[in-house]
Amino acid sequence: MRKFTPKLAALLTLRISVLILTVAATVLIYVYLSPFKTVMYILIALFWAVALAFVLILLPAYFRRTVMYLSPTELSLHTGMIFLTREHMRVSAVQYISMITLPFSSITGFNFLAVHGLGGTMILPFLSSEDALTLADSLQLEIQKR
Amino acid sequence: MRKDSKNSRQHAIKLFSYTTRYFWLLLIPLARSLHSILLDVNAWATWIEGAWLDLVVLGAIFGFAWLRWISIYYSFNDEKIIVTKGIVAENETTVLYSEISTLSITQNFLYRLFGACTVKIGTNSGFMDNADVTIVMTKSNADRLYACLKNSKVKSLLYSVSPNKVRLWVFSLLFSSTLSGAVLAIALLLETSQMIDREIEARLILDTLTEAANRFGQFVPPIAAGFAIVISVAWAISFITNIFSFWDHVITKSRDSIYTRSGLFIKNRNIIALDKINCLELRQNLGARLFGVSTLNVHACGFGTKSRSESSVLLPITTKKEIRGTLQEIFPEYPKPKITLKTDFKSYTGFYFWPIVWALIPPAALWLMYYLLPTWYTVAEPAVFIAEIPAIWLAIVKTYSMFATGIGFNEGYLTVSCSRLFTLRTVIAPKEKIAKIVIRQSPFQRLKGTCSVRVYTASDFKTSHYVYGLRLDRTLHLFDKNGYDLYFTENPQG
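Chains as they are written, first to last, in the working numbering: chain E, 1 to 146; chain R, 1 to 494.
So that you can see chain R by itself, here it is in the shape it has in the complex (with noise of 0.2 Å):
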């Protein structure tokens, strides 16, 4: 008989968020408080007297968090954690470490402050994009967790590898993704918003751009100038996330499972089950592939989801040796990513439809804007030039992505090279990783006898790889070689 942790409950910081998000009403009875105190002599009298109201709402939103706080307790042993939910019904979850594919330990700044850590554990069973169990611990708990489920893994320690923190700096610097920091804002702001009045922010961002692009409109003009900020701004967020997010950032491998742990105020450490990893996938932007940079990506269950916003990243942006020492090291029975099947010349015209596309967008607005807001339109004028950046970069990407997207099959593994949008990716999953193959064909392609693929890869959510613009027979072929007919007469008499 194991012996298990005495029942916890969560860390009391979870009081906290429980009630975060009602905060607002609070300042309900704070304003009518006020509001009585300097218009009565007998303020106190009369603020119980008018507030009795808004102190039940208060009471209620603290007595909810607190009901809420103390129906979830946990406890854990060396071959399972037993979680506890529910006011009324009790629902009660076990999950076994055998069954664990990821276990991430999340400690941001607040939570560090009071000994805190958000704990999530993913299996493959995982509904959508949730993890099966999120709570937050005491530290001491959380590290104890890890330790038993280091522990239930752990035979021998077999390679271990930290990045370099100059190269990180230096890459970093050079190929951090506007793009991603651009997301990365809206989501912050997203956050802000939710905490502060709209109006206030919107008001506060463009009062800050405006006195910005003031400063800098003396050299140049104000719409460049604003421009310029707001990449300069996306770029600097991204770079100081990638520091931030990946200093001393350390991989383990022991025999079955994968251990990382980086970040410098934001701590973060994660164990990967190996034989639950889907797909591996490396992520660069053009400037990082001329350069042979990339990041290492690794999709499995419970880890790095879209829904939480956080990162999959294995191997922060480092040299492509180094990642090919990694993948040997880590998993030396995944293959040399090897593309056996390369966009059709006759699709190659397909390449630059999003780009046409997003390339019209500026000035079809320009032409509504000299009917609907004539006076605008001079303003308006030299922002569509700076519109286009996007798009002609779009169309460069997509023209080197022409000559780089393929699809091959190596030693039962397969490789997916492509772009999305403004990133090249390149794929590697185990045969059978593959959840679905879509072969699709629009009227053109057909009239050319090409094809678009779309991969899907096991996932706790959708994912798929598509590659655009392939000789169907040779797909076909390709795919059948492999195990999967996807051949047929299309009358189905026939």
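Same shape as in the complex, but just chain E (with noise of 0.2 Å):
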């Protein structure tokens, strides 16, 4: 059975889009609602507070907890950021696969992997391309089998 995790790099980039988004709407908040100070305060903290909760504490829960295992016969993923999930599927069951790469994914690791079965979909997140390559291959070689 091999193990793969989501590459960490992922994870920082999460981390910088997500600041950079909170930066940019407390700019906004200050510019287009300045006249009304008590509830731009509170928005800007509001999203402050949402956006280190993601940071500090949800992403990197999200990232050690996400872990896939593939067997000949088994492909597992367990994750969760919030609600925990164990996903289980047949390597039998897998129909084909799809692979979603986003620029830049050699570095980022914005890299999906949608195995198919009849009825159902699974997504493997945040693969670095020698892990999506690799997972990709031995299921297609799986599939070939059959």
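No wet-lab data here; the hints were simulated from the structure. Where hints are given, some of them may not hold.
[As the list claims (entries may be wrong)] If you anchor each label on the Cβ, the simulated ranges turn out as follows:
#1 E:Gln95 - R:Lys338: 22 to 32 Å
#2 R:Lys338 - E:Ile123: 49 to 59 Å
#3 E:Ile100 - R:Pro335: 32 to 42 Å
#4 E:Ile123 - R:Phe62: 26 to 36 Å
#5 R:Leu110 - E:Gln95: 50 to 60 Å
#6 R:Glu99 - E:Ile100: 25 to 35 Å
#7 R:Lys338 - E:Pro72: 47 to 57 Å
#8 R:Asp248 - E:Glu142: 43 to 53 Å
#9 R:Gly449 - E:Met99: 51 to 61 Å
#10 E:Ile123 - R:Tyr466: 15 to 25 Å
[Claimed, not checked] Taking lysine-lysine and the DSSO-like style, the derived pairs with C-alpha atoms no more than 30 Å apart in a straight line are:
#11 R:Lys267 - R:Lys321
#12 R:Lys433 - E:Lys145
#13 R:Lys165 - R:Lys253
#14 R:Lys338 - R:Lys321
#15 R:Lys14 - R:Lys139
#16 E:Lys3 - R:Lys462
#17 R:Lys481 - R:Lys342
#18 R:Lys80 - R:Lys14
#19 R:Lys338 - R:Lys80
#20 R:Lys433 - E:Lys3
#21 R:Lys462 - E:Lys145
#22 R:Lys431 - E:Lys145
#23 E:Lys145 - R:Lys80
#24 R:Lys448 - E:Lys3
#25 R:Lys481 - E:Lys3
In this text, a Cβ means the ideal position worked out from N, Cα and C, and glycines have one as well.
Make the complex out of the two chains shown on their own, each in a separate frame, by following the hints.
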């Protein structure tokens, strides 16, 4: 059984993105809601609280919990941010796979593998390019063996 | 070399359905011509002069429909069907009978007048919720195709059952689902709204309801009367649909397939390959469960799919004894449903989450109305009490479901007993048809050591069966014992 974990660069990218978005939201709120001081401060505080919760607690927890297992017969994904989920699919149930890669994914780890079975799909998130290719090749090989 | 039937085009009635979608455009030339004829002495000349563009549009509508019609043709022999489509690029689809999971032949009232049938062919490679092949044939060709497929599969007929009509009447009368009736009514309204103006439709419905409510209003409050009418109409639609759909329902089994035919006005014939069946499902509402009656549904790619609003019913509402007999005769390999793991008592409160949410919506709406539309407050007050009835009924169903929900494995088959809204379901699926298993824990469930399980079974659309409130350790053990390893350590380094 092989174990795969999400690429940690994806966590860093997400943290930076959340912080950038929060700064942008803060600027917008400051510009457009400055006449309503109380509302402005509440909204800014709310945005930063949510952002910090994501950056410091939820995203690290998600990346720490996410782990994928592949054996010749089984594919498992254990993940979750607030709700913990364990997904399991027999390799014999896999129909086809599709790989979703975003720009600069080799650096950011934004590679996703959608494993389609007849009646259900499993998304393997934030894989490194090598892991995504290994998983895709292994699954493809099992499909071809049938 | 097998002899192919000659290339045939679809039944000419298909031209009608290709054009009806754009029929409203006919109103434009009609309005213009009426206008011209009324106002001008040289009516025809003026009309032609003014309406040439409309005539071109009309010609384009019919021309495009005709192009679509001539661009689709099919042929079949005793081993395959070939369908060719395409106006510019030709796309040929060949389906071998050995790969077909379901063949459905439907003849609605209009098609019966013109001797046409809608033929849908499903295979396990179907994309999403669409049939692999959908064509409108002449009835004689549909009959020949049915016979070809039947001859390719039937070695000998083993069993035939036709549900008792009296039972169908009685059970449909007693247990017709109001909710499904309401869903059908909404579907009907949506269909009609494509043909007539929405405002007219809404006014028509409201006027009818108001008039009826006013008549009953002499005896009961108008809102209660209106609610009773809506419920009665929904129930009546469900009852009539049941009777019309399953009249003369016959199921026949051969060595490798099931053949069904039924329907009073809309005639349905289906061939379902036994090895392509993904799971069986017994469906009941609470009343039916208490009286020991249910419907038997079959899930196979292309049969009774959601977007086509078709029924996946194999055996319409009947007694437990008849269902057990049919199961033994048609699916002897399927074991008796067995639940080995039931809902944990710590999860009982969770069953009331949605009934409570539902129950809170009407008072919240009333509270909003008090501030926003105070004049309507007194009218809305009794409506709130009526709107609470479904929430109370849902709470009753969920209370029953707490003791009936569970999961189990028996002789290589999975059994899931669960409820979805007001319906109680028991699903039996061969293990090899399980596509995916998901175990989920909310923060509260983590504290209690419980979980929810969602089992996805093979299907041409997403089909899952949800079980709430099982003990996590027992669930993991049950799946592990049956070859599904869902244990793990949360720390990947661990």
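Do the hints match the structure? See the list:
no.	hint	result
1	E:Gln95 - R:Lys338: 22 to 32 Å	holds (30 Å)
2	R:Lys338 - E:Ile123: 49 to 59 Å	violated (33 Å)
3	E:Ile100 - R:Pro335: 32 to 42 Å	holds (41 Å)
4	E:Ile123 - R:Phe62: 26 to 36 Å	violated (47 Å)
5	R:Leu110 - E:Gln95: 50 to 60 Å	violated (38 Å)
6	R:Glu99 - E:Ile100: 25 to 35 Å	holds (30 Å)
7	R:Lys338 - E:Pro72: 47 to 57 Å	violated (30 Å)
8	R:Asp248 - E:Glu142: 43 to 53 Å	holds (47 Å)
9	R:Gly449 - E:Met99: 51 to 61 Å	violated (37 Å)
10	E:Ile123 - R:Tyr466: 15 to 25 Å	holds (19 Å)
11	R:Lys267 - R:Lys321	holds (27 Å)
12	R:Lys433 - E:Lys145	holds (19 Å)
13	R:Lys165 - R:Lys253	holds (20 Å)
14	R:Lys338 - R:Lys321	holds (17 Å)
15	R:Lys14 - R:Lys139	holds (13 Å)
16	E:Lys3 - R:Lys462	holds (28 Å)
17	R:Lys481 - R:Lys342	holds (16 Å)
18	R:Lys80 - R:Lys14	holds (23 Å)
19	R:Lys338 - R:Lys80	violated (40 Å)
20	R:Lys433 - E:Lys3	holds (26 Å)
21	R:Lys462 - E:Lys145	holds (26 Å)
22	R:Lys431 - E:Lys145	holds (21 Å)
23	E:Lys145 - R:Lys80	holds (27 Å)
24	R:Lys448 - E:Lys3	holds (29 Å)
25	R:Lys481 - E:Lys3	holds (22 Å)
The structure fails to meet hints 2, 4, 5, 7, 9, 19 from the earlier list, while all remaining hints are met.
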